[in-house]
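S.K.: The residues making up each chain are set out below.
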Amino acid sequence: MEYGTIEREFHVDAAPEIVFDVISSPEHIRQWWDAETDIEPVSGATGELVWSDENTGRAHVSPITVVDAQPPRLFSFRWVYPDDAAARSDNSLLVTFQLSPSERGTVVRMTEAGFREKGWEVAVLEEQYNEHVVGWDLFLPRMAKYLTELVSAP
Amino acid sequence: MSVAINDDLWSAIGDPTRRRMLDLLLTDGGGTATSLSEQLPVTRQAVAKHLGVLDRVGLVHVTPSGREMRYRVDDAQLARAVAQLSAVGATWDARLRRIATIAEAIQRSKSRDAAQQEEQ
Chain A
1 MEYGTIEREF HVDAAPEIVF DVISSPEHIR QWWDAETDIE PVSGATGELV
51 WSDENTGRAH VSPITVVDAQ PPRLFSFRWV YPDDAAARSD NSLLVTFQLS
101 PSERGTVVRM TEAGFREKGW EVAVLEEQYN EHVVGWDLFL PRMAKYLTEL
151 VSAP
Chain B
1 MSVAINDDLW SAIGDPTRRR MLDLLLTDGG GTATSLSEQL PVTRQAVAKH
51 LGVLDRVGLV HVTPSGREMR YRVDDAQLAR AVAQLSAVGA TWDARLRRIA
101 TIAEAIQRSK SRDAAQQEEQ
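Line by line, the protein sequences give chains A and B. With the first letter of the first sequence counted as 1, position 144 gets the number 144 in this note's numbering; the numbers rise by one all the way through. With the first letter of the second sequence counted as 1, position 68 gets the number 68 in this note's numbering; the numbers rise by one all the way through.
Just so you know, the hints here were simulated from the structure itself, not pulled from any lab data. Even glycine gets a Cβ: it sits at the ideal position worked out from N, Cα and C. A couple of the hints might just be wrong.
[To be verified] Partial selection, computed: residues in chain A whose CB lies under 8 Å from chain B:
id, residue
1, 6
2, 13
3, 33
[Claimed, not checked] Stretches of chain A that chain B covers, calculated by requiring three or more beta carbons in the stretch to come under 8 Å of a beta carbon on chain B:
id, region
4, 23 to 31
5, 69 to 75
6, 79 to 86
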């Protein structure tokens, strides 16, 4: 089992140009990540992701740096690093989206790497700020599956 | 449990050799520094050092066995470490489903517009 990286691959019934726009534009990031952002989908651009909690009136902010933007094939960025530092491989998480055209749409490969250095910090962040996105009904069966595999692994 | 303890837990499990050692301990139901070093491309001394790291974060239990120390995986502590990462994975699954839903809605609306223009 690899603890250092999350990897997902899935198919979307939409053209790569549309998927790229959804993944990388502030308008859509607001929808799928619940975050306000000023990031531009251009290599080297920096900005912030801001999650506001209406109940407490507090906001959580994470810096974000676009590493590589090659529409409509590749979008990668670093996040979860100290406010007063530049994003580096040893202080941040690297998220990469690779898009390839398929017959009926787009195959998306997503990875998030850097947990060896940042694992606990991001786990806390996710738990605190995105708990409402995923209920326990999704989390618990997955955890059970992980543990079953862990216990029965040869 | 404080954040600092969990940070240590994560870096303990972040090392590939230590993960391989945990796998072997789980498979064999336990082991010693000698038995582990026989199955890994590292010295007994290096294995002993890694076992010390795992012991400090509570991922293994140690009991004296003859002239050596015998190590077993602490299932509850390992489950805790795994649960942290699976929580992160589950939140990405939710985000990725949203990305797919939004993109597919845009595609459907574009295709509809194109079809209407052809009719006109």
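S.K.: Evaluate each hint against the coordinates.
M.R.: Outcome of the hint check:
| no. | hint | in the structure |
| --- | --- | --- |
| 1 | 6 | holds (5 Å) |
| 2 | 13 | holds (5 Å) |
| 3 | 33 | holds (6 Å) |
| 4 | 23 to 31 | holds (count 3) |
| 5 | 69 to 75 | violated (count 0) |
| 6 | 79 to 86 | violated (count 0) |
Violated hints for the displayed structure, listed by number in ascending order: 5 and 6.
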